[in-house]
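Trainee: Residues per chain, in single letters:
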Amino acid sequence: MIRGAIAIFTRDFKKFLSNPFVIVLTLFMPVMYLVIFGNAMGGAITHIPLGVVQDQPYTTETPLFTAAVEQLKNFHQPDKPNVFDVTVYSSEEVAKLALSQGRISAAVIFPSELSADRVVRVYEDSSDYMVPSLIEGGISAAMAGTGSSNPVAINRIYGNVDYIQFFGVGVIVMAIFMTTMMGGAFALIRDRELGIIEGYLVTPVKRSSIILGTIGSTTVRAFMAGFIIFIFDILITGVMVRRMEDFLLVLAVIFIASIGVTSLVVALASRFSTQQEYASTVAFFNLILFMTSGAFYPTIGMPGWLVWIAWFNPEAYTVHALRSIILRGQGIGVIGTDLLALCIFSTFAIILGIATYRRTLE
Amino acid sequence: MSGPAPGSPGPSSDRIIRIQHLTKVFREKKRSVTAVDDVSLDVFHGEIFGLLGPNGAGKSTIIRILTTLMQPTSGTAWVDRYQVTRNDEEIRGIIGVCPQNSTLDVELTAYDNLEFYGKLLNVEERILHDRVMQLLEMADLTDRAHMPVRTFSGGMRRKLEIVRAFLHRPLILFLDEPTIGLDPDSRWEVWQQIEKLNSEKTTIILTTHYMEEAEKLCHRVAFMDRGRLIALDTPENHKRAIPAGDLIEIGIETMHEGLLPAIMATGLVKSVEAKDNRVIISALNGSRVLPSLIAVFEKFSMPMTSISIRSPTLEDVFIHLTGRKLDAGSGKNSTAGGRQKP
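The listed protein sequences correspond, in order, to chains S and L.
Residues 1 to 362 in this note's numbering are what the first sequence lists, from first letter to last.
Residues 1 to 342 in this note's numbering are what the second sequence lists, from first letter to last.
So here's chain S without its partners, still in its complex pose (with noise of 0.2 Å):
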C-alpha cells in the first residue's frame, strides 16, 4: 500500500515541480490576497469631494459659513488626511448640477442669515457605499465644532440605496468576466488541446470567420451573463431602472465591457498551450481587476497606488457606468468617459484578440 501511496505522491510532485510557473503564481496568489484585498477593502476613505454654497440673498460670508468650511476642510482622522475636499460653490444650482453629475458626493447649503433656527441643508450621494455615513458624521462634527446649534436636514438624492444594491451592480461585471475568464478561455484551451481548432484548419473555412465564430461566441454568452444577473438584481436587490434609454444604455455598456473583455480573455488564451498556465494567470487578473474595479468599495477608499491600477481597469469604468445608469439614473452626459474609455480599451482589445488568436491558426 504505501509502495503505491508513494509512488503516486512522487509522480504528482514531479509534475507540480515541473512547472515553475505555475508554482510561483500559486505562492503569489495568496500574498497578492493580502496586498490587494487587504487594502482595497480597508483603505480609509479621504478626499471626499464636497461642495458648500451659501443661500441667497448672500451678501456677505456669515461667520457660520467661514467656521463650517474650515471645520469641514479640516475634518480627518487621527493620522489621515483630510476627509473632504470643499468646494466653495457660487449658488444652489451650480453645486446641485455637479452633485448630479458625480463631480461631488454631496452640496452643503447653508443658510444666509445667522438665527440658529435656520436648516443647513446637505443633498448628498446616497448611491455610493459608506461615503454617505462619512459625509453625515463629518457636517455634524463641523457643525459641534463651530459651536452653533443650527439643525441639519440630510437629503438623500438617490433615496436609500443598500448595500446590496451598490455591490449588485458590481455583480454583473463579475458575471461578464468570469463567464469569458473561466468558461469561454477554458473551452477554447480544451479545444486546441483536443486538436478541434486543427480540425478546422484543413476545411476551407476562412481564419477570419474561426476568430470571428469565437469571439462572438463569447461575447454573446458574456451579454448573457451580464443581463441575466441586471435581471436578477432588479428582481432581487429592488433596483429600478426607470426609462427605456437607461435600459438599452445598460445593455450597451455590458456589450461593449463583454466584447472587449472577451477579445482580451482569447488574447490571453491563445498565449497559453496548458490549462492549468491559464487559470494561475486568470485568477491572477480577475484577482486585481475585480479588486480594484470599486465593485466591492468605493475607490476613494483605495491607497494610491492601487487607485492608479483603476484607471487601466476597464471593469471599473463598468462598474462606474453602470452605477450611474441604475443607482442614480444619469445618462450619457455622466458616463460619456466611462463609454469612452471603455471603446478604446474594447477596441484595443479586439485587435489584440484578432492578432494573437491568428497567430496559432497560421
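Misleading hints may appear alongside valid ones.
[Unchecked claim] Computed spacing ranges between beta-carbons, pair by pair:
| no. | chain 1 | residue 1 | chain 2 | residue 2 | range |
| --- | --- | --- | --- | --- | --- |
| 1 | L | 21 | S | 360 | 25 to 33 Å |
| 2 | S | 351 | L | 140 | 46 to 54 Å |
| 3 | S | 1 | L | 29 | 38 to 46 Å |
| 4 | S | 21 | L | 233 | 47 to 55 Å |
| 5 | S | 351 | L | 143 | 46 to 54 Å |
| 6 | S | 164 | L | 146 | 43 to 51 Å |
| 7 | S | 1 | L | 311 | 50 to 58 Å |
| 8 | S | 355 | L | 241 | 50 to 58 Å |
| 9 | S | 7 | L | 26 | 29 to 37 Å |
| 10 | S | 362 | L | 275 | 51 to 59 Å |
| 11 | L | 311 | S | 360 | 43 to 51 Å |
| 12 | L | 275 | S | 21 | 51 to 59 Å |
[Unchecked claim] Here are some chain S residues the structure puts well away from chain L; computed CB gaps all over 12 Å:
| no. | residue |
| --- | --- |
| 13 | 3 |
| 14 | 133 |
| 15 | 156 |
| 16 | 160 |
| 17 | 211 |
| 18 | 239 |
| 19 | 343 |
| 20 | 344 |
Just so you know, these hints were derived from the structure itself, not from any lab.
For every residue, glycine included, the Cβ atom is placed at its ideal position computed from N, Cα and C.
Here the structure of chain S is known, so what remains is to put chain L in place on it, guided by the hints.
Mentor: Structure of chain L alone, referenced to chain S:
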C-alpha cells in the same frame, strides 16, 4: 465540389499531386532536424497511394505540407492545379483530411459532428441532412447517430472521422495513420471503408507503418526513411525487387553436417542457413524447389517436423532497403524524426 476548370494550367490529368524536391527542416535553437529531405513524387488520379515508413520517417510532415498546415522549407508541391505555398484556401476546398490525432468533438453526437463539419466544408444546406445520414450509414453508425462520440469505441470514432473527411466529396482524401491503435476487427472495418471510398473515384493518400495495411490497400507504395523517399512502386514490384525471393522454413529435430552443402548443391536455392532447429532457405520460386529439397532430406534420413513457404512481405522489402525492421523506428533519431544536421 469544384474540380479543375477545363483548360486550366496544371498537372496532366492523370497526376493529381506533384511533389518536387520537397524539403522541411525544423530548427530549434542550435539544433536542426530535416524531417523531409528532397522528396519528389507524383500521385495519380484515383489511386490509393501509401506512404510507408517507421515513426519519424517524415510521412506526416509531407501530409501536413500537402494539406496546407505547414509550409515547406524548400521545394514545392501541387495539389490538383494549386500550389501548396500559394493557393492554400483553394486546396482546402478540394481535399478531405483525417489527421493522425482525432479532431472529433467527443461531446457532440455523431450527427452533430458531421453536420457541423458539413457547414465548415460548404456542403449545401438542402442536401446536408441526407449526406450526413448517408455517411453515417456508410460508417455503420446510423443507430448511434444521436449518441455523443465519447461513448464510441476507437474503431467507431475512426470510421466517423474518415467519413467526416469525405462529407464534401473531396477529390483527394488524406488519411494519416488511419488504423493506428485499433484492434484487428476495427482495422479490417476501416480498410473496408477506405476501399468503398476509393471505389467512388476518390484519390486516397494514406500514411501507415503497418505493412499489411499498405499491402492490402495501396496501389502504389512509397517507402520513406529518415525523411527520404527510398523506393516507390506497386507492392508486387517492390517484392519482386528483393533478390532473395521466397523463404522456405523447414523444422528439424537433429542436424546433419552434410545437409546444408547438399541443399546448395541442388543449384535451385540462393542461400541456406540453420537456426534454432530450423533450416531457412531462400529461393526465387519456393513451390518449385520444394520436391528437390524433400529428396535431400530423405537422402540424409532426416525427419521434417514442419514446412512453410512464405512470399516476401513489404516488411522484408523495407529490411532489404534499409537493413532495419519497420517497427524499429528510424534509428537513433526516431523521436525527433528525420536526419540530424549539426
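Trainee: Hint by hint, note whether the structure agrees.
Mentor: Now for the hints, and whether the structure bears them out:
no., hint, verdict
1, L:21 x S:360: 25 to 33 Å, "30 Å, holds"
2, S:351 x L:140: 46 to 54 Å, "48 Å, holds"
3, S:1 x L:29: 38 to 46 Å, "45 Å, holds"
4, S:21 x L:233: 47 to 55 Å, "51 Å, holds"
5, S:351 x L:143: 46 to 54 Å, "49 Å, holds"
6, S:164 x L:146: 43 to 51 Å, "45 Å, holds"
7, S:1 x L:311: 50 to 58 Å, "55 Å, holds"
8, S:355 x L:241: 50 to 58 Å, "53 Å, holds"
9, S:7 x L:26: 29 to 37 Å, "35 Å, holds"
10, S:362 x L:275: 51 to 59 Å, "55 Å, holds"
11, L:311 x S:360: 43 to 51 Å, "49 Å, holds"
12, L:275 x S:21: 51 to 59 Å, "56 Å, holds"
13, 3, "30 Å, holds"
14, 133, "51 Å, holds"
15, 156, "52 Å, holds"
16, 160, "48 Å, holds"
17, 211, "14 Å, holds"
18, 239, "38 Å, holds"
19, 343, "33 Å, holds"
20, 344, "34 Å, holds"
Hint check: no violations occur; every hint is consistent with the structure.
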